Every structure is written in C-alpha cells, then in structure tokens.
Amino acid sequence: MTVKTAEILLVDDNPADRDLTIEALSQSLWPSNVSTAIDGADAMTFLRREGKYNKATRPNLVLLDLNLPRKDGRSVLAEMKSNAALRRIPVVIFSTSQAPLDVERCYDLGANSYVSKPSTLQDWMTAVKLLKEFWIGCACLPREEN
Amino acid sequence: MEKPQLRVLLVEDNPNDRDLILRELTKGEFEITSEVAQTAEEFRLRVKTNCPDVVLADYNLGQWRGTEALDILREEGLDIPLILVSGVLGDVTAVECIKRGVTDYVLKDSLARLSVALRGALKDKRTREERQRAQESLAQKVEELARSNRDLEQFAYVASHDLQEPLRMVAAYTQLLGDRYRGKLDDQADKYIGYAVDGAARMQSLIQDLLAFSRVGRQQTELKNTDCNVIVSQAIRDLQAAIAESVAVINCEPLPSVQANESQLKQVFQNLIGNAIKFRGPETPVIHVSAQRQDSVWLFTVADNGIGISPEYAENIFTIFTRLHTRTEYPGNGIGLAICKKIIERHGGKIESLPREGGGSIFRFTLPAARIAEGQESG
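Residue numbers (the working numbering), protein chains in the order written: chain A, 1 to 146; chain B, 147 to 525.
Chain A extracted, bound-state conformation:
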C-alpha cells in the first residue's frame, strides 16, 4: 500500500515556532509536505492559489496561529469556513492563548480543534506529533477537490 504524502499548511508569524513545529511534524512516520504562511493574508493567498501560490496544492490540514499580523487567525478561520471550496479542510488552532473566550470563539467559527502551544519542548513535540497522527493517520478526510 502506498501512503500518500499529506499536505500541511502551517500559518505562524514566529519563525522559531514554525521551525519547532516543522521539526515536530518531521518526527512522525506519516509522510508529509509542509508549506508555511507568515500571516493571515499570506495564508488566504495560498489557500486561494493566487499570485505566487498559483501552483499550490490544497492542504489536507491547516495549523493556524491566532495572533497574526495583517489578517489574524480568527479572520482566516472565518473566511475558510464560509468558503465552499475551503470549509472542509480541517483547521487546528495552534496558539499561545488559553483564554476561554478565544477557545470558544474558534469553535463557534468552526475550528476542528484547538491546541494551546505547550511551554516545554517535550510537550510541544508530543502535541504536534499527536495531532498529526490523528488528523493524517487516523481521521477520515474529505475527498480532494481539485
């Protein structure tokens, strides 16, 4: 059986956090290809395959930070979930915020899960690995619409 390479879009403005997450994603056995967006507007351009991203593949999973410059994660989430072509893509919020209001707001907007960024390296690695195992290795994903 051949395992398809999963496409993951990571949206985070902090390069250190991006690298840490990429590192953690690479530790899982499931093959994946990670693209990055550095803010909300960049993420929407990528998802809509506009401009320099016209050859981009639709991701199977989006890891989305909340506090982003230009367009914040909440707006990206809201736009994705109200767009017929994007709304089925699972979005996992990955943010420093643990504020109940943020968590609830994101679920209201249709987030598929909310993970707060752990404070230690080990917990970070574990959290990212677990969510990749679940969303790529375990969950049934929608058919790809290309």
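Since the hints were derived computationally from the structure, they do not count as laboratory data. The structure displayed is predicted, hence computed values, not measured ones. Check the hints yourself; a few may be wrong.
[Stated by the list, open to error] Chain A residues, not near chain B, derived (Cβ > 10 Å throughout):
#1 A6
#2 D39
#3 R49
#4 A56
#5 P69
#6 K71
#7 A85
#8 G110
#9 C138
#10 R143
[Stated by the list, open to error] For each label pair, taking beta carbons as the anchor points, the in silico distance ranges come out as:
#11 A:L141 - B:E299: 15 to 21 Å
#12 A:L29 - B:Y338: 50 to 56 Å
#13 A:Q98 - B:S392: 45 to 51 Å
#14 B:A305 - A:P31: 21 to 27 Å
#15 A:E23 - B:P457: 21 to 27 Å
#16 A:P31 - B:V304: 18 to 24 Å
#17 A:T120 - B:E391: 20 to 26 Å
#18 A:F134 - B:Y459: 47 to 53 Å
We treat Cβ as the ideally placed atom computed from N, Cα and C, and that holds for glycine.
Given chain A, put chain B in place with the hints provided.
Structure of chain B alone, referenced to chain A:
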C-alpha cells in the same frame, strides 16, 4: 498688627440691640464686616450668597426663633458657627439650644463675653475643618493605594503573561541544542547548555506561579455558601497521588459552612495539606483538620507532625517566593502559602503558622462566620 477679618451675619429684629452688639464687636480683636437679616427667607439668602464666618442670632425673633436659623444652616449644608445673643435665656432652654447644635450663647446684659464666645466658635470651626481635611486626605490616600495595588496586579499579570512567549523560545531552543549537540561539542558546552536549560525551565515555572498568584487578585471573589467538608474532601482527592505515596493519614473533624469562593478555598486546603505531606518528617505524616467557632469567625486549623518551621521564619513564609530549603531538598518556588494568604485576606480572614508541641506545624486561618450558614454548621 492688622486685625483678622471676620464676616458676621446678625439676625436681630431690634435696631437698638443691633447697634449695641455691633459696637461691642468693634471693640474686639476682629476687623468686622457685618450684615443683618431679619426674616428666615432673608437669612437663608444671605448665608447662601455671602457665607459668613459666624452667625449671631437673637433667640426670640417675633416671627421665628434663632434656633430655626440653625435648621436652615443644616438644610443648606453650611458649617457656620451660630451664637445666640439673647435678652433672657433660661438654663433649660440654653442647654436645649446647645444640644441642638448652637455653638454658644451670650446674654445681652453681658455682651463683654461676646468676643470670648466668638474666639471659641472660630476655634471649634477650625478644628472641625482640619478633621474634615484629614479625613478627606486619608480617604484619598486609601483610594490611591487601592489604585496602585490594582495597577501592580495588572502589571504583574501583563508582564508575566507577555514574558511567556519569548521565554518559551529560549527554553525550547536551548533544550533542542542540548538534545541535538550533547557530546558533540565539549564537556564545558554541555554544562553551559545545561545551565541555560535549567534557568529557562525555572523561570517558566516562576512565571506560571506569578500568574497564578496575580490571578487570585484579578478574579472576582464571588462568595457562596460553601460546605468545607465537601471542599476538604475535594482537596484530598486532588492530592491522592501524594497521599498514597507518603501513606499520609488525614483526620478531618466536621467542618462548618462558610461564605467563600469554592475553588479558592479548595486551593487553600490543598496547599496546606499538600505542604504538610511535602514537609513530612521521618514518621508517617498525620494531618489533622478542624474548625472552632470564635465569636464572629471560624478558626480553621491544619496541624501536622512534619519537620516544622523555626519561629523566626513563621511570618516570612507567607511572602511570595520565600523558601526555607534548597531546591534539591524540597522542590517548589515558595508560592503556595503566599496564595493562601492572599485568598484568606480577600475573604476577610487572617492566616498564621505556629509550632506544634511535640514537633510539626500548625496553620490557622479565620473566615467570617456567615449568619445564613448557621443552620448547617456541622454538615
């Protein structure tokens, strides 16, 4: 030397008496400016617009009485001394007038006493004003203090909250460096990276604790009728792992219900019982929880047979980040008792520690006894 200015409002319907009084006044130590009022309406208007230093009023004014002038001063919220100047005033009436708030009274046949009465009235007024000013300034200081406390809470919260993210980067990457390059540089490098990793981890835990501490001040303390028996059993359940590991015995007497914030009160019991287990001696930890009614408060006691606290540290231990042992002896940042103190004080109580006879410590705290909880005291 120039005489001090004094504005007098004279309430007198008899022109002859008016002249007599004014003549007497000019003999005194004051530079007098005077006005006259005859009716109550006129009086009200003049005190309001001109705000005299003192009112001299006849007792019997035909249509009204000098004591009614007093009522008018009250109604207008004016603190102006009123001296009755009267032809005759029986002892009983005089006492009655003083009781109602007349500052002094002078009989018309002994007007020489007027200047003494004036001096006394002005001195009284000055004292009242000073007291008033002192009270106002005290109230202002209390408000300033409360505000600066609030600012400090806010500062601690924001600072510790915003420090978390950059600190997480330092912690994660020094650890990644350590994991990735251990044994590949040299021994010194491994050691230095180890220090950096430890330091960052410790700072993370300090910030977490600081946040927890400042959160106690930021939360609204919503008081509900709370059964302490339930609260203590919840605290014990949360400490299950530590209790099992240490085979601690916890004896809990029936406890009252009090007005409290449940989660905060649980935290207090959890910290105190947790400390009793953590700072245990060589023997099996035995912890005793009880409460006694003392007048208007409940006095709670958590006693243990642990290592105890030297009396000289008994007060210190409630200060944030105070530790009496090295981290290798007993881990922790010294936050637990500081949080207990803050919670108890926010509930209007006090907390203290005492040495226990025969070794160990006693922690005692008070909480106001709630009247509505009376029926269910020993639930």
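Given as non-interface: G110 of chain A, which should sit over 10 Å from chain B by C-beta: 26 Å, holds
Supplied distance hint 21 to 27 Å, evaluated on CB atoms of A305 of chain B and P31 of chain A: 43 Å, violated
Whether A56 of chain A stays farther than 10 Å from all C-beta atoms of chain B, as the label says: 28 Å, holds
10 Å Cβ clearance of P69 of chain A from chain B: About 15 Å separates P69 of chain A from the closest Cβ of chain B, which puts it past 10 Å; holds.
Assertion that A85 of chain A lies outside the chain B interface [Cβ separation over 10 Å]: 33 Å, holds
Satisfaction of the hinted span 20 to 26 Å by the C-beta atoms belonging to T120 of chain A and E391 of chain B: The hinted range 20 to 26 Å holds for T120 of chain A and E391 of chain B, with Cβ atoms some 23 Å apart.
Whether R49 of chain A stays farther than 10 Å from all C-beta atoms of chain B, as the label says: 32 Å, holds
Check on R143 of chain A being off the interface with chain B, judged by Cβ distance over 10 Å: 37 Å, holds
P31 of chain A versus V304 of chain B beta-carbon gap, inside 18 to 24 Å or not: 43 Å, violated
D39 of chain A and chain B, when compared Cβ to Cβ, separated by more than 10 Å: Consistent with the label, D39 of chain A stays out of reach of chain B, its closest Cβ about 17 Å off (over 10 Å).
Given as non-interface: K71 of chain A, partner chain B, CB spacing beyond 10 Å: At roughly 20 Å from the nearest Cβ of chain B, K71 of chain A sits farther out than 10 Å, so the non-interface label holds.
Cβ separation check - A6 of chain A to all of chain B, threshold 10 Å: 24 Å, holds
Of the hints listed earlier, those the structure fails to meet are numbers 11, 12, 13, 14, 15, 16, in rising order.
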